[in-house]
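Participant: Start from the sequences, fold in the hints, and give me the full structure.
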Amino acid sequence: GAVVSQHPSRVICKSGTSVKIECRSLDFQATTMFWYRQFPKQSLMLMATSNEGSKATYEQGVEKDKFLINHASLTLSTLTVTSAHPEDSSFYICSARVGEQGYGYTFGSGTRLTVV
Amino acid sequence: GESVGLHLPTLSVQEGDNSIINCAYSNSASDYFIWYKQESGKGPQFIIDIRSNMDKRQGQRVTVLLNKTVKHLSLQIAATQPGDSAVYFCAEDLYNFNKFYFGSGTKLNVKP
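Respectively, the protein sequence lines represent chains A and B.
Residues 1 to 116, numbered by my numbering, are exactly what the first sequence covers, in order.
Residues 1 to 112, numbered by my numbering, are exactly what the second sequence covers, in order.
Relax, there's no trap hidden among the hints.
Simulated crosslink set (EDC-like; lysine to aspartate or glutamate; CA at most 16 angstroms straight-line):
#1 B/Lys71 - B/Asp55
#2 A/Lys20 - A/Asp88
#3 B/Lys99 - A/Glu59
#4 A/Lys41 - B/Glu39
#5 B/Lys107 - B/Glu39
#6 A/Lys66 - A/Glu87
Restraint-style ranges between C-beta atoms, simulated for each label pair:
#7 B/Asn109 - A/Gln42: 14 to 22 angstroms
#8 B/Asp55 - A/Leu26: 32 to 40 angstroms
#9 B/Ala29 - A/Gly1: 24 to 32 angstroms
The hints are simulated quantities; they were obtained by calculation from the structure and are not laboratory data.
For every residue, glycine included, the Cβ atom is placed at its ideal position computed from N, Cα and C.
Facilitator: And the structure:
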């Protein structure tokens with residue numbers, strides 16, 4: 001089946017530094033990927049849609065300068081949390097659509113970011 | 001056992017019983033819905049999906065029912081097993097843009 005590999009699974013960084021999270025589709029091409037964040041015991045919140053070869057589209061209230069998304073190839077999307085602060089600590093998850101008809105979406109295993 | 005979504009975010013059932021997890025969605029124009037399972041510390045795992053032109057779809061031990069009149073989804077799990085313990089989310093393709101918005105989730109506890 002279609003697999004999305006997300007790295008790192010856990011990262012701890014100092015406040016003010018930047019962290020990059022990678023999301024790779026291993027056995028399929030993903031023109032569109034999605035980035036979510038999830039706080040403890042809460043649901044997933046869509047942050048942005050990553051489009052290969054074009055700018056990402058962000059959901060309302062998500063700072064595009066804070067959360068930089070790059071989708072430079074059909075198999076790789078990256079999310080960079082810039083100038084991280086403790087309130088950015090969260091579980092970040094990517095997903096990709098499998099197939100052209102919109103059927104089936106697969107998720108990465110998530111990245112636990114802790115900003116200290 | 002049966003959940004009622006936001007009013008009962010945790011559902012406890014005995015192993016072997018059937019489980020019903022409910023979800024209300026927001027947009028009557030949503031075209032596509034998915035149920036996901038999420039275990040602690042992991043990403044969501046696809047369970048089953050359904051299009052708005054269907055009212056029922058069956059998978060292995062799972063059935064999704066869609067009631068468009070009242071904008072309601074349910075996930076039925078037959079013969080619930082301890083490995084089914086997780087948080088279950090429904091998600092809707094809110095604007096038919098092929099991106100998903102998740103419900104608040106229901107935690108399923110299966111007692112051996």
